[in-house]
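Q: Sequence:
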Amino acid sequence: MSFGNVKQSLKQLIVLGNGFDLACGLKSTYSDFFDYIYGQKIVNDTSPNNFWYEIFKNYKQNSIENWADIEEQILVQLKNIASLYNNGLLIEGKGNSETSSLLHKGYNINNNHYLTAESLLLNCYKVKSEKESQNILKNQLSILEKDFLEYLKIQINETIYPNLFHNYYLKTLIMLCYIQCLNTKKYNKSNLIFEIQSASMYSRTLQKDKFKSEINNIQSEVNNNETICLSFNYTKVMKNLNIRNIHGDLDNGNIIFGIDYDKLNKNFEINEGNSNNNRTGNDEYKFKNAPIEFSKSYRVLENGLTSTFDISSDIDIIKIYGHGLGKADYSYYQSIFDSVDLYHGKTKVMFFWSDYKDKEKEQIHKDFVKGVTNLIEEYGTTFSNKDHGRNLFTKLLLENRLTIEEIPVNELFLNV
13 MSFGNVKQSL KQLIVLGNGF DLACGLKSTY SDFFDYIYGQ KIVNDTSPNN
63 FWYEIFKNYK QNSIENWADI EEQILVQLKN IASLYNNGLL IEGKGNSETS
113 SLLHKGYNIN NNHYLTAESL LLNCYKVKSE KESQNILKNQ LSILEKDFLE
163 YLKIQINETI YPNLFHNYYL KTLIMLCYIQ CLNTKKYNKS NLIFEIQSAS
213 MYSRTLQKDK FKSEINNIQS EVNNNETICL SFNYTKVMKN LNIRNIHGDL
263 DNGNIIFGID YDKLNKNFEI NEGNSNNNRT GNDEYKFKNA PIEFSKSYRV
313 LENGLTSTFD ISSDIDIIKI YGHGLGKADY SYYQSIFDSV DLYHGKTKVM
363 FFWSDYKDKE KEQIHKDFVK GVTNLIEEYG TTFSNKDHGR NLFTKLLLEN
413 RLTIEEIPVN ELFLNV
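Going by this note's numbering, the sequence shown runs without a break in its numbering and finishes at 428.
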């Protein structure tokens, strides 16, 4: 995909996910966080019976690393709790011992539901109402968010870890430069890598100002005013770009976790839960009353994270990197694709991926292609014209508006 013959002023939307921070050296997976947090005194003193820490501790051995998997677990636990109340295994006012007896008797309860109930009962002598239990979980989720915020802030604290901060800062500049400038009028992949490697030579001699100046020269090909960046991360990158941290940022201390709003609504039982699906232990259980307070959209609004961020219909290209493409964030992509009228419009979409340790490169690529395919196909299901929805993926490929490309991280960081 090349923009060699297009107008100088290229309008871009860059979408960044956790993989961006990982590539730049930040240990920002849940697995890294839990390895750190379970060794800290805070879990035993400040949050001795935190529901979420109990749940995630039990899942830690499964090596859950992807953000989407963890946020999916929030939905799973809320559904488990609703199911336990609905089926009379959790009854408001009942004591712990009586409730435990009910759980032990069976009722086709699976291990997942049993773990949910036991973790919930750590917080009370008697079973509270379902709404009160949800409020407790929401408050305890806020504790986990604050702990994660502090965990990230420590890593990029220049005073505590100057070398880590320095390397992270340099790598973020390099990665953003590459993503922003690739396939513009002046730069293809090979000459852009060469220019970045040349500029990064100054990083070795700690000439940070010279390095930054050289990177800015490369980026002068692109008008920063025509580039907007939507970040799912909590870290701040490049102050001169129009960037919105959709789920909060470290500087303002307002980060959030949550569930996709549409996903939550799809798990709402319209017929008041009369179907057989609402038996305890059934993974297809649907809420009688969807707990929208746990949705990302609700929490963004609640935390005052809204800001002016216009995604215009004339965006030339959307570049996506480092995002797991999990269902927890599907509604954001639906909004983005709707804004550019992806089916009828001319906007191109580039998905970037990169190699990382502990997993075969071929498998990484295979999983990513599957994730992109699922995302586009899921978006197609939202069309009122079902024929258009079914052929969206094929249409984008035929029009050369959809590509998947590897970012050569090792080459870009050769001199850092």
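Treat the hints with caution; some may be incorrect.
Stated by the list, open to error - Below 30 Å or equal to it, Euclidean Cα-Cα: the simulated BS3-like pairs (lysine-lysine) are:
# : residue 1 : residue 2
1 : K201      : K150
2 : K373      : K339
3 : K382      : K369
4 : K69       : K150
5 : K398      : K72
Said to hold, decoys possible - FRET-style restraints, in silico, Cβ to Cβ:
#  : residue 1 : residue 2 : range
6  : H356      : E314      : 47 to 57 Å
7  : H356      : K201      : 27 to 37 Å
8  : L134      : Q52       : 14 to 24 Å
9  : L426      : K197      : 36 to 46 Å
10 : N151      : N237      : 33 to 43 Å
11 : V381      : D326      : 21 to 31 Å
12 : T406      : N151      : 19 to 29 Å
13 : K224      : D81       : 34 to 44 Å
14 : T385      : N237      : 49 to 59 Å
15 : N422      : K69       : 53 to 63 Å
No wet-lab data here; the hints were simulated from the structure. Quantities reported herein were computed from a predicted structural model and do not represent experimental measurements. Cβ coordinates follow ideal geometry from the N, Cα and C atoms, glycine included.
Q: Hint by hint, where does the structure go against what was stated? Just the numbers, ascending.
A: 1, 5, 6, 9, 12, 14, 15
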